[in-house]
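Build the full structure now, drawing on both the sequences and the hints.
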Amino acid sequence: MPTLLQTATRSRSLTELFPASWAYPETGATRDLRLDLMRGFVVPLLFASHFEFFSLLMFIGWERLGVVSTAEIFVILSGIVVGMVYGKKVKREGLPVVMPDLIKRSVDLYRISVIMILIVAAIRYLPWINSTVITTFYDAANNQTYQLYPEAGTKLSTILSKALLLQIGPHQFQVIGLYVVMFILITPLVFFMLTKQRVVLLLAISWVIYAIHYGAPRQSLRPTGAQFEYAFPIMAWQLIYVHGMVVGYYKQEVLAFFKTSLGKALLWVSILLALCFLFFTWNHPLPHIPQWISLNLIAPETFHHLNSEYFSKSQLGVGRLLNVVVLFISMYALLTVCWQPINKALGWLLIPLGQASLYVFFIHIFLLLAIMNTPLPAYNNFWINTAIHASLLAVVWLMVKKEFLFRWIPH
Numbered sequence: 001m002p003t004l005l006q007t008a009t010r011s012r013s014l015t016e017l018f019p020a021s022w023a024y025p026e027t028g029a030t031r032d033l034r035l036d037l038m039r040g041f042v043v044p045l046l047f048a049s050h051f052e053f054f055s056l057l058m059f060i061g062w063e064r065l066g067v068v069s070t071a072e073i074f075v076i077l078s079g080i081v082v083g084m085v086y087g088k089k090v091k092r093e094g095l096p097v098v099m100p101d102l103i104k105r106s107v108d109l110y111r112i113s114v115i116m117i118l119i120v121a122a123i124r125y126l127p128w129i130n131s132t133v134i135t136t137f138y139d140a141a142n143n144q145t146y147q148l149y150p151e152a153g154t155k156l157s158t159i160l161s162k163a164l165l166l167q168i169g170p171h172q173f174q175v176i177g178l179y180v181v182m183f184i185l186i187t188p189l190v191f192f193m194l195t196k197q198r199v200v201l202l203l204a205i206s207w208v209i210y211a212i213h214y215g216a217p218r219q220s221l222r223p224t225g226a227q228f229e230y231a232f233p234i235m236a237w238q239l240i241y242v243h244g245m246v247v248g249y250y251k252q253e254v255l256a257f258f259k260t261s262l263g264k265a266l267l268w269v270s271i272l273l274a275l276c277f278l279f280f281t282w283n284h285p286l287p288h289i290p291q292w293i294s295l296n297l298i299a300p301e302t303f304h305h306l307n308s309e310y311f312s313k314s315q316l317g318v319g320r321l322l323n324v325v326v327l328f329i330s331m332y333a334l335l336t337v338c339w340q341p342i343n344k345a346l347g348w349l350l351i352p353l354g355q356a357s358l359y360v361f362f363i364h365i366f367l368l369l370a371i372m373n374t375p376l377p378a379y380n381n382f383w384i385n386t387a388i389h390a391s392l393l394a395v396v397w398l399m400v401k402k403e404f405l406f407r408w409i410p411h
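Going by the numbering used here, the letters in the sequence shown line up with residues 1 to 411, in that order.
Possibly wrong hints are sitting among the right ones.
As the list claims (entries may be wrong) - If you anchor each label on the Cβ, the simulated ranges turn out as follows:
#1 254 with 89: 15 to 23 Å
#2 301 with 278: 17 to 25 Å
#3 203 with 278: 22 to 30 Å
#4 261 with 165: 27 to 35 Å
#5 300 with 197: 46 to 54 Å
#6 262 with 300: 35 to 43 Å
#7 197 with 291: 18 to 26 Å
#8 19 with 143: 51 to 59 Å
#9 269 with 291: 28 to 36 Å
#10 184 with 219: 50 to 58 Å
#11 218 with 164: 24 to 32 Å
#12 305 with 278: 15 to 23 Å
#13 279 with 201: 35 to 43 Å
#14 254 with 230: 30 to 38 Å
Hints in this document: simulated from the structure, not taken from any laboratory. Quantities reported herein were computed from a predicted structural model and do not represent experimental measurements. C-beta: ideal position from N, C-alpha, C; glycine also.
Now the structure itself:
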């Protein structure tokens with residue numbers, strides 16, 4: 001039996017292993033449904049992370065597919081989509097012509113972020129609603145609760161100032177704050193460098209900024225001062241956004257590379273590494289995960305050491321970075337060769353959610369608030385929790401299909 005590496009050496013194509021009729025239909029269209037489905041796949045993982053009820057979703061959530069969270073997948077996919085959609089216009093019409101579209105999108109994203117922050121700030125004053133779940137952050141590791149909003153009685157001008165600077169807000173919405181700031185500050189600069197064909201310099205600058213942050217004392221570099229910097233420091237997270245934009249801008253060239261002998265070999269290596277990371281994360285000693293889906297082949301202290309040293313989420317550790325890249329390549333390749341059966345099984349659910357991912361991020365805050373103000377979570381029952389997750393996914397899917405408030409909420 002040939003090994004995976006021997007297969008990679010011979011550069012055997014992945015398409016040879018599956019029927020040709022299963023493949024994704026390459027039409028040259030700007031919209032790539034594979035990316036939409038991947039963004040839609042983030043939504044159940046998002047619900048597993050933010051609706052912290054142990055249910056069936058936890059078997060794919062809680063970093064069970066690799067040492068990767070919804071945030072990394074969302075940011076890199078956002079970068080790719082921006083690079084593809086706006087990049088096509090930039091190539092055709094030039095950056096000056098596209099800038100008004102970028103500015104309009106920036107205003108829309110910033111507006112909805114500030115509105116979200118202010119709505120939650122107002123909800124705190126409704127005595128019949130317990131808003132703790134979206135106005136505080138509980139650090140389980142240190143058994144400490146952080147207040148995400150100023151104390152009651154704070155002047156309205158102070159709250160407004162902090163909202164405009166994105167210095168307050170629900171922690172479940174922080175990654176959107178990161179995306180908003182990166183879109184406003186970084187996107188035009190990346191397109192400028194790409195139009196000048198200074199790709200190497202662009203990527204080098206991105207890596208230098210990442211390296212500066214990686215070697216600095218924790219939380220010492222927060223240039224925007226925004227709240228999201230505690231969880232998603234922009235100097236680290238710009239790396240995957242910038243690289244995502246470059247991949248989206250040069251999508252056809254990247255796909256052509258993976259059809260070469262070297263590209264095919266790199267694909268097999270990516271699949272092998274993704275499986276290795278899957279093995280690693282299945283050794284995570286999570287207390288709520290049943291033993292029958294935990295390998296327990298790595299000692300807990302060893303796992304925690306490796307996880308802390310190389311897979312830091314806030315710093316984007318090198319291990320986590322590599323995991324993000326190889327998992328994305330593997331998932332995209334799988335969707336390319338097995339599109340028809342996967343789309344038939346899951347496309348009806350995930351593609352609409354993926355095409356409205358920003359909308360889902362906004363709405364899920366209020367769904368979380370609503371469910372936490374019912375008695376259901378207190379039952380702490382596996383099947384009730386599964387029903388909660390399934391019902392909430394169904395609700396948000398229906399809202400997307402009916403385009404509820406699409407006129408007001410970016411999607």
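Right, here's what the structure says about each hint:
1. 254 with 89: 15 to 23 Å: holds, 19 Å
2. 301 with 278: 17 to 25 Å: holds, 21 Å
3. 203 with 278: 22 to 30 Å: holds, 28 Å
4. 261 with 165: 27 to 35 Å: For residue 261 and residue 165 the Cβ distance comes to about 51 Å; the hint is violated.
5. 300 with 197: 46 to 54 Å: holds, 49 Å
6. 262 with 300: 35 to 43 Å: Distance hint for residue 262, residue 300 holds at roughly 39 Å.
7. 197 with 291: 18 to 26 Å: violated, 54 Å
8. 19 with 143: 51 to 59 Å: holds, 53 Å
9. 269 with 291: 28 to 36 Å: holds, 32 Å
10. 184 with 219: 50 to 58 Å: Given about 23 Å between the Cβ atoms, the range is violated.
11. 218 with 164: 24 to 32 Å: Given a distance of about 27 Å, which is inside 24 to 32 Å, the answer is holds.
12. 305 with 278: 15 to 23 Å: holds, 20 Å
13. 279 with 201: 35 to 43 Å: For residue 279 and residue 201 the Cβ distance comes to about 38 Å; the hint holds.
14. 254 with 230: 30 to 38 Å: At roughly 33 Å between Cβ atoms, residue 230 and residue 254 fall inside 30 to 38 Å, so the hint holds.
Figure legend: structure checked against the earlier numbered hints; hints not met, in rising order: 4, 7, 10.
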